[in-house]
Amino acid sequence: MSTINFAAREINCKIVYYGPGMSGKTTNLKHVFSKVPGHLRGEMVSLATEDERTLFFDFLPLDLGTVQGFKTRFHLYTVPGQVFYNASRKLILRGVDGIVFVADSAPNRLRANAESMRNLRENLQEHGIDVRDVPIVLQINKRDLPDALPTAMIRSVIDPKGELQLFEAMSDKGVGVFETLKTVSRLVLERLSQNK
Amino acid sequence: MIEPSLALYGDAFERVDQVIQDLLETTGVRYGLLVDRKGFVLSHKEALWAPRPPALDSVATLVASNAAATAALANMLGERTFSEQIHQGENGTLYVESVGTDSLLTLIFDASVPLGKVKLYAKKSITQIAAILEELKDIPPVQLGEDFSQGANALLDDLLG
Ligand SMILES: Nc1nc2c(ncn2[C@@H]2O[C@H](COP(=O)(O)OP(=O)(O)OP(=O)(O)O)[C@@H](O)[C@H]2O)c(=O)[nH]1
Ligand SMILES: [Mg+2]
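If you read the protein sequences in the order shown, they are chains A and B.
The first sequence begins at 1 in full-length UniProt numbering and counts up one residue at a time.
The second sequence begins at 1 in full-length UniProt numbering and counts up one residue at a time.
Since the hints were made in silico from the structure, they are not lab data.
Honestly, I wouldn't trust all of these hints.
The calculated DSBU-like cross-link candidates involving lysine-lysine, where the alpha carbons are at most 35 Å apart (straight line), are [what the hints assert, rightly or not]:
(1) K71/A to K182/A
(2) K35/A to K182/A
(3) K30/A to K173/A
(4) K35/A to K90/A
(5) K71/A to K119/B
(6) K161/A to K90/A
(7) K71/A to K35/A
(8) K90/A to K124/B
(9) K182/A to K137/B
(10) K71/A to K124/B
(11) K182/A to K123/B
(12) K173/A to K161/A
(13) K35/A to K173/A
(14) K90/A to K30/A
(15) K173/A to K71/A
(16) K30/A to K182/A
(17) K90/A to K119/B
(18) K90/A to K71/A
(19) K90/A to K123/B
(20) K161/A to K182/A
(21) K137/B to K71/A
(22) K90/A to K137/B
Covered stretches of chain A (chain B as the covering partner; in silico rule of three or more C-beta atoms under 8 Å from a C-beta of chain B) [what the hints assert, rightly or not]:
(23) 50-59
(24) 104-116
For each residue, glycine too, the CB sits at the ideal point set by N, CA and C.
Hey, can you work out the whole structure from these sequences and the hints?
Laid out in structure tokens, this is it:
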């Protein structure tokens with residue numbers, strides 16, 4: 001696989017999919033894995049329970065290619081959304097460069113969305129990262145649900161000031177997945193070129 | 001605040017490369033990786049006779065996550081740290097030890113290679129690598145400009161449509 005060429009230079013960026021349990025984080029990665037050509041991505045690693053809930057993380061490496069002599073790579077991770085896995089979530093955030101917050105449109109998950117965002121802030125803080133210093137993109141998933149809440153209502157509990165870029169998605173059908181990833185990647189690369 | 005791990009491979013990293021190469025030759029270790037705490041491969045060497053290695057990105061991620069989980073456990077149990085990780089299977093061994101605060105030396109070798117010997121020589125290599133990494137801390141960060149951003153965005157379009 002990746003043989004390191006010492007004459008080359010590399011940039012590696014870590015993007016983490018965060019959000020409440022069952023919101024569709026793993027589904028996002030699976031879709032990316034299935035659609036990106038094999039030579040541009042590595043294997044997907046999933047540390048999950050028997051019933052397919054994320055236990056530690058999912059991992060998918062993507063190769064962007066070489067930009068101005070820099071081999072540029074993205075590592076995508078998902079965290080386990082279930083509340084009691086917080087210790088693992090905290091570990092996955094280490095060294096994060098960009099975040100996709102995947103919210104659930106189901107009415108009975110409104111509160112879980114809000115709590116997950118609060119938990120994200122707390123965990124970032126423990127790593128000494130201000131939430132405003134990391135690019136975050138909001139994905140409101142499961143728009144296909146018949147009783148899906150209006151996006152404005154969901155946003156109001158996770159991003160009341162309306163600061164984050166927002167994408168509606170149906171990630172199990174692949175809708176909105178690439179738009180979200182592209183936007184967060186672009187924000188991360190912009191940061192890089194501003195040397196922040 | 002955010003830290004895109006930006007690894008510069010200059011002369012310093014060629015020396016790291018050499019240290020790992022020497023370690024492989026002295027001990028008979030099959031694969032040697034230097035992995036950063038975020039799970040990225042910084043350097044990778046394999047013995048000439050070794051078969052194609054497993055997916056190194058995956059190995060690096062799992063090793064770094066495992067180390068992070070172990071460190072969190074140590075912390076909870078009131079230890080400053082737990083020392084190296086050793087995983088022994090029927091056919092081979094995975095041996096991981098910290099190099100300073102930022103990286104992990106990962107060695108994979110056959111059951112026929114004595115662990116004691118690997119540990120002994122690895123200690124020496126770790127001291128050498130740690131010293132080289134220490135020098136790297138003083139290198140100023142690379143300046144990436146507007147052109148980089150544009151080039152990267154074009155590639156993003158290719159990758160993600
Ligand atoms: N209706 C609908 N279901 C979806 C959508 N996206 C994902 N799902 C389903 O939601 C369930 C949970 O998806 P996962 O991707 O495993 O959720 P997760 O966020 O990784 O969950 P944890 O690993 O527990 O944190 C699965 O059954 C998915 O098929 C969507 O857009 N619409
Ligand atoms: Mg999951």
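Evaluated hints:
{"no.": "1", "hint": "K71/A to K182/A", "result": "holds, 18 Å"}
{"no.": "2", "hint": "K35/A to K182/A", "result": "holds, 14 Å"}
{"no.": "3", "hint": "K30/A to K173/A", "result": "holds, 11 Å"}
{"no.": "4", "hint": "K35/A to K90/A", "result": "holds, 29 Å"}
{"no.": "5", "hint": "K71/A to K119/B", "result": "holds, 33 Å"}
{"no.": "6", "hint": "K161/A to K90/A", "result": "holds, 25 Å"}
{"no.": "7", "hint": "K71/A to K35/A", "result": "holds, 22 Å"}
{"no.": "8", "hint": "K90/A to K124/B", "result": "holds, 33 Å"}
{"no.": "9", "hint": "K182/A to K137/B", "result": "holds, 32 Å"}
{"no.": "10", "hint": "K71/A to K124/B", "result": "holds, 31 Å"}
{"no.": "11", "hint": "K182/A to K123/B", "result": "violated, 43 Å"}
{"no.": "12", "hint": "K173/A to K161/A", "result": "holds, 30 Å"}
{"no.": "13", "hint": "K35/A to K173/A", "result": "holds, 12 Å"}
{"no.": "14", "hint": "K90/A to K30/A", "result": "holds, 22 Å"}
{"no.": "15", "hint": "K173/A to K71/A", "result": "holds, 31 Å"}
{"no.": "16", "hint": "K30/A to K182/A", "result": "holds, 16 Å"}
{"no.": "17", "hint": "K90/A to K119/B", "result": "holds, 31 Å"}
{"no.": "18", "hint": "K90/A to K71/A", "result": "holds, 28 Å"}
{"no.": "19", "hint": "K90/A to K123/B", "result": "holds, 30 Å"}
{"no.": "20", "hint": "K161/A to K182/A", "result": "holds, 23 Å"}
{"no.": "21", "hint": "K137/B to K71/A", "result": "holds, 21 Å"}
{"no.": "22", "hint": "K90/A to K137/B", "result": "holds, 26 Å"}
{"no.": "23", "hint": "50-59", "result": "holds (count 3)"}
{"no.": "24", "hint": "104-116", "result": "violated (count 0)"}
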